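**Student:** Sequence:
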Amino acid sequence: MTRNLRDWLGEGPLSLELVDPRLLQGERPFDAQPVRRVFRRAKYCIVEREDDAWVLHFRMTGKVVLERPGGKLRARLLTSGTPVHFLDARCLGELRVLPRADLEAHLESKNLGPEPFPERQSAAWWSQQLQGLRGAIKPALMRQDRIAGLGNIAASEICFRAGVDPSKPVHQVQAWERIAHEAWSFLHHVVDQESGPEIHYVNEVGSTNPFQVYGREGEACPRCGAEIQRFVQSSRSTFACPRCQGT
DNA sequence: ATTCGTGTTTCAAA
DNA sequence: GTTTGAAACACGAA
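With this note's numbering applied, the first sequence covers 3 to 249.
Honestly, the hints are just simulated from the structure, not real lab data.
A quick note: this is a predicted structure, and the numbers were derived from the prediction, not measured.
Be a bit skeptical, because a hint or two may be false.
Think about it this way: if two alpha-carbon atoms lie no more than 30 Å apart in a straight line, the pair counts; the simulated BS3-like pairs of lysine-lysine are [unchecked claim]:
{"hint": "1", "residue 1": "Lys45", "residue 2": "Lys74"}
{"hint": "2", "residue 1": "Lys74", "residue 2": "Lys112"}
{"hint": "3", "residue 1": "Lys45", "residue 2": "Lys170"}
{"hint": "4", "residue 1": "Lys65", "residue 2": "Lys45"}
{"hint": "5", "residue 1": "Lys112", "residue 2": "Lys170"}
Can you build the whole structure from these sequences, using the hints too?
**Tutor:** Rendered as structure tokens:
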């Protein structure tokens, strides 16, 4: 979505049409200012204008699209060309606007760990980033302050691809080499595959599930055919193959 | 008709 | 310091 936004916004003047006032926090960016930069940090998408910075978070159901097929419209990003629509079914997404000078401090305050993507990180790096955590590996992979950007789906998928039991305590994990490889491989695969004018979430009507275990409770494991299990860790659904991952 | 669960983060409490 | 649970929200499915 960040890449799309970069393409769609270009470098010309940008302003905001606010539809749902709850979306916006901070300043009210209704003037038009040229776009300087669009980039991603963890799950935040940042649009820098001449004087301010917009920090977008899509939470679980937010998205930006050019055409508006349906869904709850929360704002429009207005350029000299086609407007960009911020859709958000559950209305948990947010847009924070702050002076550009404050951006660095703002991101700093989030305590985000380093990025596992797009550069490939080593087994030692993964092991080191999660070092000292008491709990299970799957929730640990979602710790934004240790490694930024992995969410509930990625954590399940990476454990599956690496053949690691999501419940295994971090300190007992040996398969860091496989985790490092599969994490990178999954992220590239999913970004590649999900690229396009609109991101489709798994739960949306008419979308097909592109994942190997996530959302596939009761279905056959793509590798061994055993039934995929669902269970809860840290109040989030985990999906895993009991045979491949030894759960 | 309620309750549940939901690609997340943050804050309080254990 | 670390981990867990609830809340913010809307809505289809159970």
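**Student:** Confirm or reject each hint.
**Tutor:** Structure-based check of each hint:
1. Lys45 / Lys74: Holds: Lys45 and Lys74 sit about 21 Å apart, inside 30 Å.
2. Lys74 / Lys112: holds (28 Å)
3. Lys45 / Lys170: holds (26 Å)
4. Lys65 / Lys45: Given that 30 Å is the threshold and the Cα spacing comes to 12 Å, the pair holds.
5. Lys112 / Lys170: holds (28 Å)
The structure shown violates none of the earlier numbered hints.
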